Amino acid sequence: MNIELFFQYLVAGLTYGTIYAIVAIGFNIIYNTTGIINFAQGEFVMLGGMIAVTMNKFMPLPSAILAAVTLTMILGALIEIVFIRWLVKPSVLRMIIITIGLSIVIREGALHIWGESVRALPYFTGTEVSSIAIGGVFISPQVLWVIGVSSIAVVALNLFFNYTLPGRQMRACSANRDAARLCGISAKNMVTLSFVLSAGIGALAGCVVSPITYVQYDSGTGLAIKGFTVAILGGLGNSMAAVAAGMMLGILESFSIWVMPTAYKDVISIAILLLILFVRPSGLFGNKEAFSLKEF
Amino acid sequence: MLKIKNLESGYGKLKVLKRVSMHVNPGEIVTIVGSNGAGKTTLLHSIAGLLKARSGEIIFDGQDILRLTTEKIVFMGCSLVPEGRQVFSTMSVKENLLLGAYVQYRKKQKERVRADLERIYDLFPILRERERQLAGTLSGGEQQMLAIGRALMAGPKLIMMDEPSMGLAPLIVKDIFHIILKLRNEGNTVLLVEQNAKAALSIADRGYVLETGRIMLQGSAEDLLSNKDVQRAYLGRDIDSEVELKL
Ligand SMILES: Nc1ncnc2c1ncn2[C@@H]1O[C@H](COP(=O)(O)OP(=O)(O)O)[C@@H](O)[C@H]1O
Ligand SMILES: [Mg+2]
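Protein sequence lines, in the order shown, are assigned to chains A and B. Position one of the first sequence corresponds to residue 1 (this note's numbering), numbered consecutively onward. Position one of the second sequence corresponds to residue 1001 (this note's numbering), numbered consecutively onward.
Next up, chain A with everything else stripped away, as it sits in the complex (with noise of 0.2 Å):
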């Protein structure tokens, strides 16, 4: 193999990670301030992506992708206050059974709507053949789009949590909800937010990658497990460790089309998943102190 076809890899490898790692992210926000996995955050960037996809048809792109991301946020809050925010103490098997139950709701709703026809955005800027040349490797632009409008929501992200009051909140419910509520805040508040959020951001990805990915109403299951396999992989609840998680499994897949048929790609997600699960379930990067500490 050449060194270009290497830089290839890498690259594709870097764009899938960017794409796992923001789905992690979704999991994390939830997970941290609810204790919970919402199984239907798969689903949040499939609805991002096939609501884009409609609207750009009445709206230019930047609008059409905003408006993706604002319903699928208001989806995310529903969904929060409909099912989830009047369970007195639900048990965690209670929780996967809801969201699980939620993510077909929308599947089979987004089936009826969009039928199964796949879709895409058209490329942010170029074309499917146009590319970037950069130190002799070309890049597809929307490579860029990916790893570019990503490192700024998990920048805003990390600011949002670190210096804002309501990102403080929201730590302050992960950390310890009674003493959280004992400071006036509404835990409820901020778990309908953690939804929000992760709503928000699951929907930005499903935008900005469907152009390369494409989008089709059960996409978001296939990238839910990957999601999942990335949080599980980098430790529940940690974002940081996600991204380098996100990055470790998509170079793998990436350089896997070396060493056996492309087909067997999905199996090293779901093989390093129960690896994890079996070997160190705090994840590489987690101590098992903190994870114990969770509930979960």
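Be careful, since some hints might not be right.
What the hints assert, rightly or not - Restricting the straight-line Cα-Cα distance to at most 25 Å, the calculated cross-link-like pairs of lysine-lysine (DSS-like) are:
{"#": "1", "chain 1": "B", "residue 1": "K1107", "chain 2": "A", "residue 2": "K188"}
{"#": "2", "chain 1": "A", "residue 1": "K89", "chain 2": "B", "residue 2": "K1108"}
{"#": "3", "chain 1": "B", "residue 1": "K1013", "chain 2": "A", "residue 2": "K89"}
{"#": "4", "chain 1": "B", "residue 1": "K1072", "chain 2": "B", "residue 2": "K1107"}
{"#": "5", "chain 1": "B", "residue 1": "K1003", "chain 2": "B", "residue 2": "K1157"}
{"#": "6", "chain 1": "B", "residue 1": "K1108", "chain 2": "B", "residue 2": "K1157"}
{"#": "7", "chain 1": "A", "residue 1": "K89", "chain 2": "B", "residue 2": "K1052"}
{"#": "8", "chain 1": "B", "residue 1": "K1110", "chain 2": "A", "residue 2": "K188"}
{"#": "9", "chain 1": "B", "residue 1": "K1110", "chain 2": "B", "residue 2": "K1005"}
{"#": "10", "chain 1": "A", "residue 1": "K188", "chain 2": "B", "residue 2": "K1072"}
{"#": "11", "chain 1": "A", "residue 1": "K188", "chain 2": "B", "residue 2": "K1108"}
Stated by the list, open to error - If you anchor each label on the Cβ, the simulated ranges turn out as follows:
{"#": "12", "chain 1": "A", "residue 1": "P90", "chain 2": "B", "residue 2": "A1169", "range": "38 to 44 Å"}
{"#": "13", "chain 1": "B", "residue 1": "K1003", "chain 2": "A", "residue 2": "G109", "range": "51 to 57 Å"}
{"#": "14", "chain 1": "B", "residue 1": "E1118", "chain 2": "A", "residue 2": "I104", "range": "50 to 56 Å"}
{"#": "15", "chain 1": "A", "residue 1": "M240", "chain 2": "B", "residue 2": "K1018", "range": "46 to 52 Å"}
Stated by the list, open to error - Computed footprint of chain A on chain B, listed as stretches where at least three residues anywhere in the stretch have a Cβ under 8 Å from a Cβ of chain A:
{"#": "16", "region": "1070-1076"}
{"#": "17", "region": "1081-1094"}
{"#": "18", "region": "1100-1109"}
{"#": "19", "region": "1143-1156"}
Derived by calculation from the structure, the hints in this document are not laboratory data. Quick caveat: nothing in here was measured; it's all calculated off a predicted structure. All C-beta atoms in this analysis are idealised placements derived from N, C-alpha and C, irrespective of residue type, glycine included.
Based on these hints, arrange chain B with the ligands on the given structure of chain A.
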């Protein structure tokens, strides 16, 4: 300030508090002493709304707060320093204090926060030094100071403390009790729950003795301190044997 009448509370089928009645006047330190499992934490959690009481009345500032949420109760000016400190360990000392001031932000009294922060730092100079340190890395005594500071940042009319001396070295306990006395002298009202009955009664104005969910005794702190039953049960010395020793 706070008036509780016939409060019954518990967990599921377990009835812990049985017809508890008590009150706290403005500017007082009132202490509730009782051994482990007596129901002290249950009582404070019921007042703070973390636990929904079954029946009775909790009047705070002229309003029945029995069915209100914790958030609303904190808003009205009733703050709890929980048992075991419960600081936000993954956040810095300053962040902890600012979160305590959340109700001030909501009340649009942002300007107050800076002054309050200075006041807390003056009260606990060690917290100023540790401003940027993660709360989880503080010592037990420092965490207790942070927990008290955090509650004070809300500008409460009544501050309730659940066993602030728990697990601390005697010297630190003394510090904490000095601070509580100082708070009262500055006009705060304190409801202090303690197993350390002697220390609590020595700074309190009035006290209640809680035993298996019932108020067994009440009175001025001096009366309780000199009460033989209290001494035998909670002050760790038996009057009769002491007399013998003296002979
Ligand atoms: N979360 C809980 N669930 C069930 N029972 C509890 C719970 N917390 C406390 N109890 C019981 O309530 C009683 C009073 O406990 P508590 O109020 O914590 O006592 P104290 O604070 O005076 O030590 C004890 O018998 C204890 O076992
Ligand atoms: Mg207790």
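Do the hints match the structure? See the list:
1. B:K1107 to A:K188: Holds. B:K1107 to A:K188 sits at ~19 Å (cutoff 25 Å).
2. A:K89 to B:K1108: Outside the cut-off at roughly 32 Å; violated.
3. B:K1013 to A:K89: holds, 17 Å
4. B:K1072 to B:K1107: holds, 12 Å
5. B:K1003 to B:K1157: Roughly 14 Å between the alpha carbons, so the hint for B:K1003 and B:K1157 holds.
6. B:K1108 to B:K1157: The hint holds at about 18 Å.
7. A:K89 to B:K1052: Holds: A:K89 and B:K1052 sit about 14 Å apart, inside 25 Å.
8. B:K1110 to A:K188: holds, 24 Å
9. B:K1110 to B:K1005: violated, 36 Å
10. A:K188 to B:K1072: holds, 13 Å
11. A:K188 to B:K1108: Within the cut-off at roughly 22 Å; holds.
12. A:P90 to B:A1169: 38 to 44 Å: Holds, at about 41 Å.
13. B:K1003 to A:G109: 51 to 57 Å: holds, 53 Å
14. B:E1118 to A:I104: 50 to 56 Å: Holds: the Cβ-Cβ distance is about 55 Å, inside 50 to 56 Å.
15. A:M240 to B:K1018: 46 to 52 Å: holds, 51 Å
16. 1070-1076: This one holds; 4 residues, not fewer than the three required, reach chain A with a Cβ under 8 Å.
17. 1081-1094: Coverage by chain A holds for the region 1081-1094 of chain B (7 residues, Cβ < 8 Å).
18. 1100-1109: Answer holds; 5 residues pass the 8 Å Cβ test.
19. 1143-1156: holds (count 3)
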